[in-house]
Amino acid sequence: LFGNRVKVLLVTGFSIIVILQGAITWLLISGYGSSASLLRYDDFLFDIVYTYVNGSNEEYIRQKDYWFSIDLPLLGNDRIHEYHSISSSLSKDNNELCFSLRSIEKFMPSFQGHIYVVTDQIPNWLNVSMPQSQLRVISTQEIMDNRYLPTFNSHAIEANLHKIPHLKEFYLYFNDDYILGSPVFIEDFFIDGRCPVIYGDDRLTANTNLTLNIHKKAMLNTNALLNGLLSKANARTNDSDRRFLPHAPHPLRKSIVEQVWVSKFADTQREQSSHRFRDMNDVHPTYFVSRFLIEQSNACVEQRRMKSGCPLDGQDFCNQVLTNNYSKVTEYFDGLRLRSRMPKFLSINDRTTTNYTYQDIIHWEFQRFLKEMFPQKSKFESKDCTI
Numbered sequence: 001l002f003g004n005r006v007k008v009l010l011v012t013g014f015s016i017i018v019i020l021q022g023a024i025t026w027l028l029i030s031g032y033g034s035s036a037s038l039l040r041y042d043d044f045l046f047d048i049v050y051t052y053v054n055g056s057n058e059e060y061i062r063q064k065d066y067w068f069s070i071d072l073p074l075l076g077n078d079r080i081h082e083y084h085s086i087s088s089s090l091s092k093d094n095n096e097l098c099f100s101l102r103s104i105e106k107f108m109p110s111f112q113g114h115i116y117v118v119t120d121q122i123p124n125w126l127n128v129s130m131p132q133s134q135l136r137v138i139s140t141q142e143i144m145d146n147r148y149l150p151t152f153n154s155h156a157i158e159a160n161l162h163k164i165p166h167l168k169e170f171y172l173y174f175n176d177d178y179i180l181g182s183p184v185f186i187e188d189f190f191i192d193g194r195c196p197v198i199y200g201d202d203r204l205t206a207n208t209n210l211t212l213n214i215h216k217k218a219m220l221n222t223n224a225l226l227n228g229l230l231s232k233a234n235a236r237t238n239d240s241d242r243r244f245l246p247h248a249p250h251p252l253r254k255s256i257v258e259q260v261w262v263s264k265f266a267d268t269q270r271e272q273s274s275h276r277f278r279d280m281n282d283v284h285p286t287y288f289v290s291r292f293l294i295e296q297s298n299a300c301v302e303q304r305r306m307k308s309g310c311p312l313d314g315q316d317f318c319n320q321v322l323t324n325n326y327s328k329v330t331e332y333f334d335g336l337r338l339r340s341r342m343p344k345f346l347s348i349n350d351r352t353t354t355n356y357t358y359q360d361i362i363h364w365e366f367q368r369f370l371k372e373m374f375p376q377k378s379k380f381e382s383k384d385c386t387i
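Numbered by the UniProt record's numbering, the letters in the sequence shown go through residues 1 to 387 in order.
FYI, nobody ran anything at the bench for these hints, they're computed from the structure.
Please note that the accuracy of each hint is not assured.
[Stated by the list, open to error] Calculated cross-link-like contacts (lysine-lysine; reagent style PhoX-like; alpha-carbon spacing at most 25 Å):
no., residue 1, residue 2
1, K328, K106
2, K106, K163
3, K216, K92
[Unchecked claim] Cβ pair distances, simulated, as ranges:
no., residue 1, residue 2, range
4, P165, D43, 21 to 27 Å
5, Q315, T357, 17 to 23 Å
6, T386, E302, 21 to 27 Å
7, L220, W364, 48 to 54 Å
Cβ atoms here follow ideal geometry from the backbone N, Cα and C, with glycine treated the same way.
Given these sequences and hints, build the entire structure.
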């Protein structure tokens, strides 16, 4: 009798294992990943929003120089250095947007939402006549008051993204230099189809006063506004764990963004929109909304931590700045090639300067790496952007 019971248990256990193996196989074949929720991209629709600027475009440079000369009396002489810093580094175009779109097609192949590219410059390779208009170009005139245009302030534009017509409740905010390096799943951004995942790195924003610049000042300004809310009864945390957001896609909820910019901080939003250039009184819009979601809203949210930098393996985030150091640049790209798996999220910022002897070679290395990762033209291109 005991032997028969053992046989029954063994057979039952084996049957359960077979069933589980079959279920796992079905999930993988059906497009579910082992690290993903059971939500498919057609079960939970969300949009993607890009902001894009080609700072090397001659007309853009001419317009920016003209408006800077007009606004200079309002900005003050201490802003000149910041202006040239932004114009020489942050707005370079190395076709990052093109490769970012290729990465979406490769690593989010079942994505069915809309992709909005907020820009007043349409790249000559961008396919703006896609079937069903999955990709749409949104001009700043569609979301901002004409009194504040043209604008050269990304903070001002970010504070108006919620005005994009027909934008869904859930969306991802991409900078044009955010690139996917491995397959991603809905659970990387939203839990249970409703809870945004807010990532923070290992740097505390409270330490930004050590080396203050216009970007870090925006973080401190944002913290000051958030601190004013901490005395409210519904505050769920304090300011001791506020961390920088990584250079990666940011999951957002439109209703929370509207709560911040329309219901609670409309005056701040209007003032920020009026800053044609980055200003020492700016707040950081995406950081502001993310922290508000964590600290003040009743909406669900999940926080996750990551480490800054690009270790050889094991991290899903990699943010790298390319500087005037050719050997370090080649070492960085070679290190990525040796990884057993690419990070899920890559951000590569070109901060080389025009007077650097090897700038063109660094740009070539950058393009070579991106072409190796994404050699095929995507449906978002009317022509191959690399030709």
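Item to check | Numbers of the earlier hints that this structure fails to satisfy, in rising order | outcome: 1, 2, 5, 6 and 7
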